[in-house]
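Chemist: Residues per chain are reported as follows:
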Amino acid sequence: MKKIILNKKLNHCKIALFTCVLLMTLSCDLDETQEVATLNNLVMADEFDEDGTPDSSIWGYEIGDGSAQGIPGWGNNELQYYTDRPENVTVENGVLIITAREEAYQGASYTSARLITRGLFEQQYGRFEARIRVPYGQGYWPAFWLLGNDCNVNPWPQCGEIDIMEYLGDEPASMFGTLHGPGFSGAESISKEFTLQNDRFDTGFHVFGVEWTPSYINYYVDGNIYHSLTREDVAEETDGEGEWVFDNPFYIILNVAVGGNLPGNPNQDTVFPQSMLVDYVRVYK
Amino acid sequence: MKLSKIKYSRLMGLLLLVVVTTSCEREVSEDAVPATFPSNAEVFTDNPVGLTDEFFISFDPAVGANTNGFGTDQNEAYLGNTSIRVDVPAPNDSDGNFIGGIFRDRGEGRDLTGYDALTFWAKGSTTAVFEAGFGTDFIEDKYPVSNSNLQLSTDWKKYVLPIPDPSKLVQERGMFLFSAGTQSTNGMGYTIWIDEIKFESLGTVAQPRPRIQNGEEVVVQNFIGGTVNITGLTQTFNTVAQGDVTVNAAPAYFEFESSDVEVATVDENGLVNIIGAGISQITATLGGTEAQGSITIESLGDFTPAPTPTRDPENVISIFSDAYPNVTVDYYNGFFNADGQTTQGGTGPGGADLSVDGNGIINYTNLNFVGIGTFMNVPTIDASSMTHIHVDLNVNETLNAGDNIQLQLLNDVGGNETSATVTITSANLAQNEWRGFDIPLSDFNGLSSRSQIGLIFFISNSISNIYVDNIYYYNEQ
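Quick mapping for you: the protein sequence lines, in order, are chains F and R.
With the first letter of the first sequence counted as 1, position 176 gets the number 176 in this note's numbering; the numbers rise by one all the way through.
With the first letter of the second sequence counted as 1, position 122 gets the number 122 in this note's numbering; the numbers rise by one all the way through.
Derived by calculation from the structure, the hints in this document are not laboratory data.
Hints should not be assumed to be uniformly reliable.
Stated by the list, open to error - Derived contacts from chain F toward chain R, CB cut-off under 8 Å, selection only:
hint, residue
1, Gln138
2, Asp150
3, Cys151
As the list claims (entries may be wrong) - Computed spacing ranges between beta-carbons, pair by pair:
hint, chain 1, residue 1, chain 2, residue 2, range
4, R, Val327, F, Val271, 46 to 52 Å
5, F, Gln197, R, Gly287, 20 to 26 Å
6, R, Asn337, F, Asn77, 40 to 46 Å
These numbers were taken from a predicted model, which means no experiment stands behind them.
Glycine included, each C-beta is placed from N, C-alpha and C at the ideal position.
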């Protein structure tokens with residue numbers, strides 16, 4: 001269960017995605033009229049309307065720095081120690097608040113939280129979306145993502161990973177959506193960046209989602225699809241090496257990582273604590 | 001339609017005033033709309049937009065502003081066909097050694113509350129550092145914003161100056177400011193082209209981080225009647241495209257707060273008035289965001305000033321005193337750090353580190369030696385017809401036997417230089433009390449001439465903290 005994304009990947013993807021953009025321009029316009037999803041049958045929603053600890057029938061936690069999972073630093077040299085303390089995760093005023101703090105704790109210099117629905121809510125296909133506001137500053141790496149529920153038997157990347165939203169705190173107007181699987185993981189994953197014009201992700205809520213069907217995965221922000229991957233695209237992107245492993249149930253992860261390979265470590269200007277706010281998580285079929 | 005609305009609201013404003021004046025209890029009518037001003041964004045495109053007829057209003061030529069180098073250029077433009085051309089003069093230009101000034105709105109001002117930044121494009125004939133801003137109108141100068149460390153490139157580049165708090169700018173006349181000299185080019189003149197000056201709503205200006213005292217926690221000692229200026233006022237935003245951008249922001253953007261208003265109060269200009277003994281910490285917010293940094297005033301209570309000099313001004317050449325017009329000096333602290341100087345102080349307005357009831361006092365701290373210079377850019381002192389030098393000293397620490405302060409005078413610095421020293425011993429000084437010294441200039445053995453005095457030194461290896469006031473030469477008659 002790793003989640004390695006390197007800068008190299010982004011470059012790699014930009015070239016590959018140029019083709020993608022061209023294709024999309026031919027097939028469907030990236031304009032406001034574009035409809036997201038035919039999948040409108042709500043099957044799970046957490047609106048975070050009840051103050052206190054998150055609903056334990058939906059959310060569990062991963063605790064620690066990854067050592068217990070055999071991947072210290074969660075495979076990316078991340079700096080945080082995940083807890084389930086209210087200081088790091090709570091529900092208040094209708095939003096889930098995941099807070100990263102700078103504090104000495106269990107040998108780490110930062111604490112944060114990582115919520116998972118493994119064993120509680122898992123689903124194959126559907127539309128997964130969340131309305132989120134992210135923190136600001138170098139070193140913050142919040143994410144909303146899905147992981148195959150069979151990683152114990154089919155080790156990552158065989159079990160598949162769908163990153164619906166990843167964001168780096170020092171690029172506050174940009175986020176990216178990524179697909180990992182065998183033959184296209186880590187540095188070779190298939191990713192695309194989306195950048196807001198005249199707005200940014202740390203000053204207000206935005207809706208991030210994927211529409212996942214047996215034949216494609218569409219990524220969208222605020223209703224605009226910016227990234228569309230079919231089985232054929234995956235094969236094309238990986239010269240036929242990549243395997244489509246998105247035909248089994250996945251579970252949801254919400255977390256705020258601090259530092260590490262991808263975002264770089266916090267610098268003197270990075271303000272702690274800061275939080276990722278999640279207004280809702282909704283899943284449709 | 002819009003015009004009539006403005007007229008209507010002005011009328012309402014008048015009615016309102018009447019209501020308020022007659023009855024303080026009445027709530028402001030919800031129908032009352034404050035007068036609004038035009039919100040046009042453009043300042044210069046291919047032409048000045050809505051600016052005064054003179055277009056460019058220079059800084060005062062008396063302080064060295066060169067009014068010749070400003071114009072427009074139809075051969076250079078970032079967009080369209082014309083840009084502003086600024087020819088930055090060399091330091092020896094007889095018409096002025098820098099160029100700068102403002103553009104002012106030709107009307108009553110603009111409503112800039114809907115924008116988050118002033119932006120413009122500029123390029124230079126060479127790389128250099130220049131200053132730009134807005135909010136200075138040479139009338140009120142209430143909301144100036146500037147950045148004096150803008151890096152000019154030889155290709156067109158976009159500059160973003162965030163508005164520290166747009167809600168303040170309901171009627172702003174100061175549309176643009178620039179200033180450039182040759183400090184960054186080793187005295188070489190150069191050209192700046194500026195184009196497409198406008199206010200924008202970028203939507204990407206966020207994460208405000210205001211600061212006072214440059215974000216430091218500063219502690220100063222002072223007295224009842226003293227005043228302290230809050231300095232180092234800045235606002236920083238992240239702008240995405242330009243990264244973090246910091247601008248100097250006028251005090252009027254900030255709300256100041258004193259932790260003990262019995263000790264100190266702060267006015268809207270960031271001036272602290274000390275009114276009681278005790279400790280007060282001054283903090284600030286900008287647009288609701290707490291500013292980093294503070295200044296803590298330790299008020300020691302009542303201050304006893306040095307006796308006011310009474311000699312006839314006719315017979316005095318004053319270096320530092322509120323009783324006489326002072327000569328212009330190069331500095332009240334030369335900071336000869338390369339020679340091992342440690343002394344701080346002499347750096348406030350007119351050299352005064354403290355101002356109590358309008359009386360300025362120098363406070364030298366970490367004293368080992370410090371010079372007051374009159375030999376570089378100002379006339380030297382001709383004390384030929386003077387008989388004495390006067391100085392008032394107040395020692396801010398425990399005095400020990402053997403402590404002393406030496407006063408040294410240097411004539412014709414760097415030329416046919418002569419100097420001499422007189423020692424003031426601890427027996428004639430007092431802790432926390434003023435002592436006045438009237439030293440005959442004839443006591444300065446070795447000072448063969450005093451027609452071009454260029455430096456007065458205070459020297460001590462035993463006393464480190466002194467107040468100094470009323471430094472003047474006089475003729476005893």
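Chemist: Now tell me if each hint is right for this structure.
Modeler: Do the hints match the structure? See the list:
Of the supplied interface hints, the one on glutamine 138 of chain F is violated, with its beta-carbon coming no nearer than about 11 Å to a beta-carbon of chain R, more than 8 Å. The restraint placing aspartate 150 of chain F at the interface with chain R is violated, with a minimum CB-CB distance near 40 Å, outside the 8 Å limit. Hint status for cysteine 151 of chain F: violated, given a least beta-carbon distance of 36 Å to chain R, over 8 Å. At about 50 Å, the CB distance of valine 327 of chain R to valine 271 of chain F agrees with the hint of 46 to 52 Å.
Here the CB-CB span from glutamine 197 of chain F to glycine 287 of chain R is close to 24 Å, well matched to the stated 20 to 26 Å. For the pair asparagine 337 of chain R and asparagine 77 of chain F, the beta carbons lie near 43 Å from each other, so the given range of 40 to 46 Å is met.
Hints 1, 2 and 3 from the earlier list are contradicted by this structure; the remaining hints agree with it.
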